[in-house]
Every structure is written in structure tokens, then in C-alpha cells.
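Undergrad: If you want the building blocks of each chain, they are given just below.
There are 2 protein chains.
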Amino acid sequence: MCVVALIFLLSSLYLSATTEASKCSIDGFPLVKNISELPQDNYGRAGLSHIILAGSLLHGMKEIEVWLQTFAPGSRTPIHRHSCEEVFVVLKGSGNLYLASNSHGKYPGSPQVFPIFANSTFVIPVNDAHQVWNTNDQEDMQVLVVVSRPPVKVFVYEDWLMPHTAAKLKFPYYWDEPCFEAPATVRDEL
Amino acid sequence: MCVVALIFLLSSLYLSATTEASKCSIDGFPLVKNISELPQDNYGRAGLSHIILAGSLLHGMKEIEVWLQTFAPGSRTPIHRHSCEEVFVVLKGSGNLYLASNSHGKYPGSPQVFPIFANSTFVIPVNDAHQVWNTNDQEDMQVLVVVSRPPVKVFVYEDWLMPHTAAKLKFPYYWDEPCFEAPATVRDEL
Ligand SMILES: [Zn+2]
Ligand SMILES: [Zn+2]
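Line by line, the protein sequences give chains A and B.
Under our numbering, the letters of the first sequence match residues 1 to 190, in that order.
Under our numbering, the letters of the second sequence match residues 1 to 190, in that order.
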């Protein structure tokens with residue numbers, strides 16, 4: 001009984017120590033991480049669960065970031081574009097990719113629709129406006145997302161006809177923003 | 001019956017056209033690819049299945065590559081190191097990561113062993129020698145691998161005590177090598 005209590009106490013101490021230490025430092029993380037124990041957040045977007053598997057601030061990544069995102073039925077990314085490379089791998093569920101391959105005029109223009117599904121993969125062409133949408137009303141859609149050159153510099157559109165000049169720049173777009181300690185004045189400005 | 005035959009004929013034509021066209025050109029691939037229809041190869045390594053989800057030659061990637069690798073029981077990567085960033089996500093199975101965090105002397109030195117398992121993720125520290133091994137004798141181990149700055153420049157070691165100066169340089173290390181048309185003389189040289 002005493003041993004059980006001791007083990008319990010030690011586990012609690014260990015857990016609280018790792019929780020403390022793992023907030024924003026590389027050292028706090030074990031090298032091999034159990035994804036189901038990683039923090040998730042919706043970053044203010046209804047229906048989203050976003051888990052950073054490898055992040056610029058959290059893990060010191062300089063060239064790539066990897067995220068696991070789960071979209072509840074009906075939820076979606078904003079319409080956006082960026083000059084980094086981005087690769088999606090759909091692990092579960094299904095939905096649509098909307099892609100304006102004709103983004104290169106004054107506004108994105110009406111997008112093509114591509115069905116996406118479990119065990120599919122796609123690359124977003126650099127600077128093309130796009131949106132990923134869980135259009136399945138039954139199932140969550142889970143995707144692995146890889147981007148290059150963090151932190152990502154994103155332009156967000158309210159609709160497909162919004163001029164590029166009116167798109168809202170988000171930079172730096174840190175998902176691990178709680179760890180970002182530089183002055184906040186650089187955000188949301190052109 | 002005639003309609004069925006026509007559909008069959010058209011599908012065959014379509015399939016053979018895409019198979020032809022998709023060999024080594026971006027244009028031949030549909031934007032959203034069904035992973036189970038992508039080519040796989042073992043690149044001369046027993047027990048490996050390697051599928052390029054996003055490749056430098058195959059898909060014009062300049063900043064990231066994404067691969068899906070399946071290791072049969074007992075199979076493994078060589079001991080190797082590289083200066084690019086690399087992220088693993090274990091989708092199925094289990095095994096070990098061997099990592100020489102002390103790589104920075106004259107040779108890698110004996111590695112630490114980290115158990116890896118389905119739904120785990122890890123980042124390989126830049127320039128640390130490492131090896132991923134399916135140590136489970138029952139199950140395949142499937143991993144998603146992301147690397148930066150393709151083509152990867154890899155140093156391969158025969159064992160953990162091999163001096164860095166004796167490691168074999170493989171560059172460019174194209175998994176999509178059948179698409180590589182430059183002279184082969186640059187390969188396997190220092
Ligand atoms: Zn995007
Ligand atoms: Zn590696």
C-alpha cells in the first residue's frame with residue numbers, strides 16, 4: 001500500500017514537473033512524444049482541434065512544422081494563401097479542398113473543388129488561395145499538415161472575390177503563440 | 001453491354017494514360033492522390049516499402065519532402081545522419097529509435113534507445129546519427145517522414161563506431177531517382 005502511494009506520488013510529481021517544464025521549452029519534452037498526451041487547442045475556431053507535433057517555438061524547428069488537425073463536421077480553415085510549401089495527408093474522414101489555381105489576378109476567383117478522403121494526400125501550390133472543409137456531417141476529418149519556413153505568413157480572405165490587397169496579413173502566425181514573447185505589435189499589420 | 005464495354009475501355013485508356021504521364025512529371029498526377037494507388041518501392045532494402053507523398057523531382061517540392069514508409073518486422077534504416085530537419089509520425093506498429101546525441105566527436109558513439117509506438121512523434125536533432133528499427137516481430141511499422149531541403153544529403157555509417165570521415169556520403173539522395181536525369185557521376189562521392 002505504501003509502495004502504491006509512493007508510486008502515485010512520484011507519478012504526480014513527474015506529471016506536474018513535465019507539465020510545467022513542457023510549456024514552452026524544448027527541454028521539457030521527451031524526445032518521443034505520445035500524441036494523445038500533447039496539448040490541443042482550437043485557437044478560437046469552432047470545431048477545430050490543433051496539435052503541434054513539431055513547432056518553431058515549441059521544438060525549435062527552423063525549416064518545417066508538422067501539425068495534426070481534426071475538423072468537426074462542418075468546420076473548415078479560412079480561405080487563405082501563403083508562399084510556403086504545404087502538404088496534407090488525410091488520416092480520417094472526408095471533405096473538400098477548395099483551390100483557386102487562378103489566384104494570380106486581382107483576387108483569388110472562384111475555386112475548383114477537390115474531394116479529399118482518408119488515405120489521400122495533396123500539395124497546395126505556393127501562393128494559391130485555398131480552404132479545407134469537413135463537408136461530411138457524420139465524421140470528424142483528421143489531417144496531418146506539413147508547412148515549410150515557419151513561422152508561416154498567411155493572407156486571409158473573407159471570400160473568394162476579396163482583392164489580394166484587402167486580404168488580412170497574419171504574421172508571424174504562431175500556433176504556439178503562447179510561447180511567443182516578442183512584442184505583439186508586429187501582428188496583423190501590413 | 002456495349003455501354004459497359006465502352007466504360008471499361010475508357011477506364012483502361014484513362015488508367016494507362018495517367019500511368020504513363022505520372023511517371024516523372026507534376027502534370028501527370030491528380031492534385032489529390034489516393035495513397036493506396038501511389039507507386040511503392042523498397043530501393044534495394046529488404047522489408048521496406050517507401051511511398052513518396054510529396055517529392056522534389058516527382059512533385060516539384062523545394063522545401064519539404066513527405067514519405068510514407070512501412071518497415072516489415074526486423075527491418076530498419078541504415079545508421080545515418082543529415083543536416084536537414086526530420087520529423088517522424090508513427091502511424092502503426094512499434095520499434096526503436098537509436099540516437100547518438102553524442103555524435104559530435106570523431107564518430108557517432110553508442111546510441112540511446114527510445115521506444116517508438118503508434119501515435120507517437122519525434123524530431124531528429126540536426127546532424128545526430130540515428131536509426132529507426134522495427135523491433136516488433138509480429139507487426140509492420142508504418143511511419144510518416146518529413147524532411148526539409150530536398151534532395152537530402154545523407155552520411156551512412158556501417159556501425160556506431162565508424163569515424164565520421166569514413167561515413168559514406170549519398171548525395172543527392174533522391175528517392176524519386178528514376179526521375180533524375182542529370183549525370184550519375186556526382187553520386188557516392190565526397
Ligand atoms: Zn494553407
Ligand atoms: Zn534520417
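Some hints here could point you the wrong way.
Short, incomplete list of chain B residues facing chain A, as computed with Cβ under 10 Å [as the list claims (entries may be wrong)]:
id, residue
1, Leu-38
2, Gln-40
3, Phe-88
4, Phe-117
5, Arg-149
6, Val-152
7, Val-156
8, Lys-168
9, Leu-169
10, Lys-170
Hints are computed from structural coordinates only; laboratory data are not their basis.
Ideal Cβ positions, reconstructed from N, Cα and C, are used throughout, including at glycine.
Undergrad: Hint by hint, say whether it matches the structure.
TA: These are the hints, each one checked on the structure:
no.	hint	result
1	Leu-38	holds, 8 Å
2	Gln-40	violated, 13 Å
3	Phe-88	holds, 9 Å
4	Phe-117	holds, 8 Å
5	Arg-149	holds, 6 Å
6	Val-152	violated, 12 Å
7	Val-156	violated, 22 Å
8	Lys-168	violated, 24 Å
9	Leu-169	violated, 21 Å
10	Lys-170	violated, 20 Å
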